[in-house]
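Number of protein chains: 2
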Amino acid sequence: MAKEITSREQDYSQWYNDLVLKGGLADYSAVRGCMVIKPYGYALWENMRDQLDRMFKETGHVNAYFPLFIPKSFLSKEAAHVEGFAKECAVVTHYRLKNDPDGGGVIVDPEAKLEEELIVRPTSETIIWNTYKDWVQSYRDLPLLINQWANVVRWEMRTRLFLRTAEFLWQEGHTAHATRQEAVDETIQMLNVYATFVEEYMAVPVIKGVKTESERFAGAEDTYCIEALMQDGKALQAGTSHFLGQNFAKAFDVKFLSKENKLEHVWATSWGVSTRLVGALVMAHSDDDGLVMPPRIAPLQVVIVPIYKGDEEKGLIENRVAVLVRELKDLGIRVKFDNNENNRPGWKFAEHELKGVPVRVAIGARDLKNNVAEIARRDTKEKMTVPLEGLAFYIEALLEEIQLHLYNRAKIYRDAHITSADTWDEFRKVLEEKGGFISAHWDGTAETEASIKEATKATIRCIPLNNEPEQGVCVFSGKPSYQRVLFAQAY
Amino acid sequence: MAKEITSREQDYSQWYNDLVLKGGLADYSAVRGCMVIKPYGYALWENMRDQLDRMFKETGHVNAYFPLFIPKSFLSKEAAHVEGFAKECAVVTHYRLKNDPDGGGVIVDPEAKLEEELIVRPTSETIIWNTYKDWVQSYRDLPLLINQWANVVRWEMRTRLFLRTAEFLWQEGHTAHATRQEAVDETIQMLNVYATFVEEYMAVPVIKGVKTESERFAGAEDTYCIEALMQDGKALQAGTSHFLGQNFAKAFDVKFLSKENKLEHVWATSWGVSTRLVGALVMAHSDDDGLVMPPRIAPLQVVIVPIYKGDEEKGLIENRVAVLVRELKDLGIRVKFDNNENNRPGWKFAEHELKGVPVRVAIGARDLKNNVAEIARRDTKEKMTVPLEGLAFYIEALLEEIQLHLYNRAKIYRDAHITSADTWDEFRKVLEEKGGFISAHWDGTAETEASIKEATKATIRCIPLNNEPEQGVCVFSGKPSYQRVLFAQAY
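So the protein lines, in turn, are chains A and B.
Quick note: the first sequence, position 428, residue 805 per our numbering, numbers continuous.
Quick note: the second sequence, position 29, residue 406 per our numbering, numbers continuous.
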């Protein structure tokens, strides 16, 4: 009955798909490039969303909701933005279907053509700044600290479950400020919120940095990002926070009367993370037996499997487990008693392993007699026999230990995969043989960046925020450089 | 500074719009028929959503997410469904824009035409049942108890903020069952969940009933509903729960192997409520001074306004208020200390009244000396002087009292507006002079129903579930009838 998972070594990409599909996170849909997020995957996303939402609210943000559709002309208003986003959009051209007079089901009613086409939002800067125009008159109306949880659509040609889908779920923060400094501070604050969330809740270490001009968000003055490393040595951009300067305020004519009674353009930021984080989580921690969920956001933290023969043993175990379940719930732990009689314990063990439940408790009749239970950790596969007395507190501590262990394990791997390269030969060798981040000098030109990308598929993931200045020569062009940047192949 | 609200008597419809716009719930957008849900309105929706979500989970449901787009051909698969939904849809025909070679901004790329058009979901039965086909093989896979929180689009010609918008937010439950009885029970269970939510949290009394065939959901065997009454005497459908029989299982070929080893079609339900509930809430309780929020779902339950002269008074009041705020928060009460120095107390009073905050606390220097505060109830406008000692508990009890009072007030009004009519003259007279629900005999035919609608705009809102059988004659046709049904003009 156990579901076959392709090993990482055999086929990393198939391993990932197996985990997502067989682990019950998502499914393909009938619509090209769109996925179905299954209940287990959605529960994971809900935990991520709820924690992020708390962090946004703690930093003074409120939620709102803006239209799904954007008039086509809005996209053209910010020059860089249209270049970046107009290409890959779902376009609504009609608003009615009708019965096919020739009996072929329903057809698009040619008379119901929209005067101006509507774009399904690929991101909402344009529709939101068009709205902010009406909300901002004076410095008293600022800052606007607004976030939106929404679906967006980008017509990607090559899609992968969670990592790159035509439709995805995300949050997009859009803030408006009276000064440049306040907007820059906000951009950095939200980058830090993302880094804290990904590290402390997803147990995935990240590097905070700023993008080069070529990798910047279309319409931004600066794009800050957090970059994570996956087990195949590829990087994954886990979140971005953009300082938009006055670009959108100018494009949509959003001005305010300052304290000094002068009419000025508003300063902007935007920042987002998406269901892509689910893919990052899967690839950061899982193994060849299945998913591995970090306890703090695991949909299910503990599963309890009874092992018995006959109704008497069953009854005794159930009574004792009921106490344990209550104790765990009182501690705020998400626990399930898996007493489904259709499946045997061995099947359940494999299933919960596949789904990555952090802690498994097995209790048999003899355990009960000895007042113990068998505890299995998903992360290390370790098994321990633990007294039932005080077990809930033991599990509570164990969950924290697992959370830390996952983070440390990922961090050791990540740190071991940041390699300095000082020559082009070294650069290529590291990329081919080891992967991961390469810390190398770059001459600062978009041409060199493009050449390296063409030659190796590696891009500049970021210029780390904590970079030390260092004199050197560009690994590709040999021209002078004053700092190292991080290269990697990426998702 | 106080914002002008049109009175109900003067223009009910304008009163409603004033409340929504000036109360900060929503705004018009640049896209026809789509609204912007502003932070205060979204916070209200979040409270509704979170409570409903808890109730869904307590009754065994899980959340998932299905694609925004539905292939056009799917809509045609269920005969009644296509009739009901194909008419008013947003249709995606292209997936790319390009720069206008003539320099006119961006245009739709004619080469990026979809082979099959995609419909922006007006409701998700078709895409979901097409997915369930792959998820259900055996009775062991049933029931599927899945809910989705999502945006949907119906291209309505006449729109009103919250009540009828082209895009709206909602939840749609879609469940699959092994037996007819189980599906019927689920349909009724969810109707009861809705009724409990609307009555206990929104403080709006509802009538539970079943729709006539003409008013049924397209594709359902039975549509159950909850109907509420607004202050202008019009009814508003606040939620529906549909028993879909095997219609969608047959249309999408979803079969399962039963315990008896027979291949059978699955039984289905679907049920939904939407942001329309916000409109219902506004119209049920508000008055000519602004919104009136029921405490249990109010974004803000208590606002505290300091009244002082000079920094010394200010400091003293702030110190005491800090204690009160902590006490209130410890009780789980949503409170705001409005110490914004840009606005005067009188302006704040008007603003919080407009926004419908249930309890206002005002504290001045003399109050502080006397160890009291002035409490104002939004629902009755009553003001009381209350000791600071124990004030948090006093407010906690007061919030519950306001909640009950709002419900009782709305129920007294509603009950007084269910009028029996036994003749056609009576029927028309009640409708014209009094409004509300009319309890009248109906001959059970769609023709009569249509004639009454044409003559009066009144529709059969429902056949109440607690109906007593009663012999009579149809108020319109004079033909025999065995029960009364509820008519009303409706939103």
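Bear in mind the hints are in silico, worked out from the structure with no lab data behind them.
Just to be clear, a hint being listed does not mean it is correct.
One copy or two, it doesn't matter: identical chains are merged, so the pair holds either way.
Using 25 angstroms as the maximum straight-line C-alpha spacing, the simulated BS3-like pairs for lysine-lysine come out as follows [as the list claims (entries may be wrong)]:
#: 1; residue 1: Lys475; residue 2: Lys627
#: 2; residue 1: Lys510; residue 2: Lys856
#: 3; residue 1: Lys834; residue 2: Lys639
#: 4; residue 1: Lys627; residue 2: Lys811
#: 5; residue 1: Lys788; residue 2: Lys811
#: 6; residue 1: Lys399; residue 2: Lys611
#: 7; residue 1: Lys490; residue 2: Lys475
#: 8; residue 1: Lys811; residue 2: Lys490
#: 9; residue 1: Lys691; residue 2: Lys856
Predicted model, so just to flag it, every value in this text is computed and none were measured.
So, going through the hints one by one against the coordinates:
In the homo-oligomer, the alpha carbons of lysine 475 and lysine 627 lie at most 25 angstroms apart only across protomers (23 angstroms), although the nearest pairing inside one protomer, at 42 angstroms, exceeds that limit. For the identical chains of this complex, lysine 510 and lysine 856 are neighbours neither inside a copy (46 angstroms) nor across copies (60 angstroms), given an alpha-carbon limit of 25 angstroms. Within a single copy, lysine 834 and lysine 639 get their C-alpha atoms no closer than 49 angstroms, and across copies no closer than 55 angstroms, so neither meets the 25 angstroms cut-off. Within a single copy, lysine 627 and lysine 811 get their C-alpha atoms no closer than 46 angstroms, and across copies no closer than 54 angstroms, so neither meets the 25 angstroms cut-off.
Taking CA atoms no more than 25 angstroms apart as the test, lysine 788 paired with lysine 811 passes inside one copy only; the shortest distance there is 16 angstroms, against 72 angstroms between copies. In this assembly of identical chains, the alpha carbons of lysine 399 and lysine 611 lie at most 25 angstroms apart only when taken from the same copy (23 angstroms versus 51 angstroms across copies). Taking identical chains as interchangeable, the C-alpha atoms of lysine 490 and lysine 475 lie at most 25 angstroms apart whether they share a chain (13 angstroms) or sit on different chains (19 angstroms). Proximity of lysine 811 to lysine 490 under the C-alpha cut-off of 25 angstroms is found in neither arrangement, the shortest distances being 55 angstroms within a copy and 43 angstroms between copies.
With identical chains, the CA atoms of lysine 691 and lysine 856 are never at most 25 angstroms apart, being 74 angstroms at best within one copy and 63 angstroms at best between copies.
Hints 2, 3, 4, 8 and 9, counting from the list given before, are not met by this structure.
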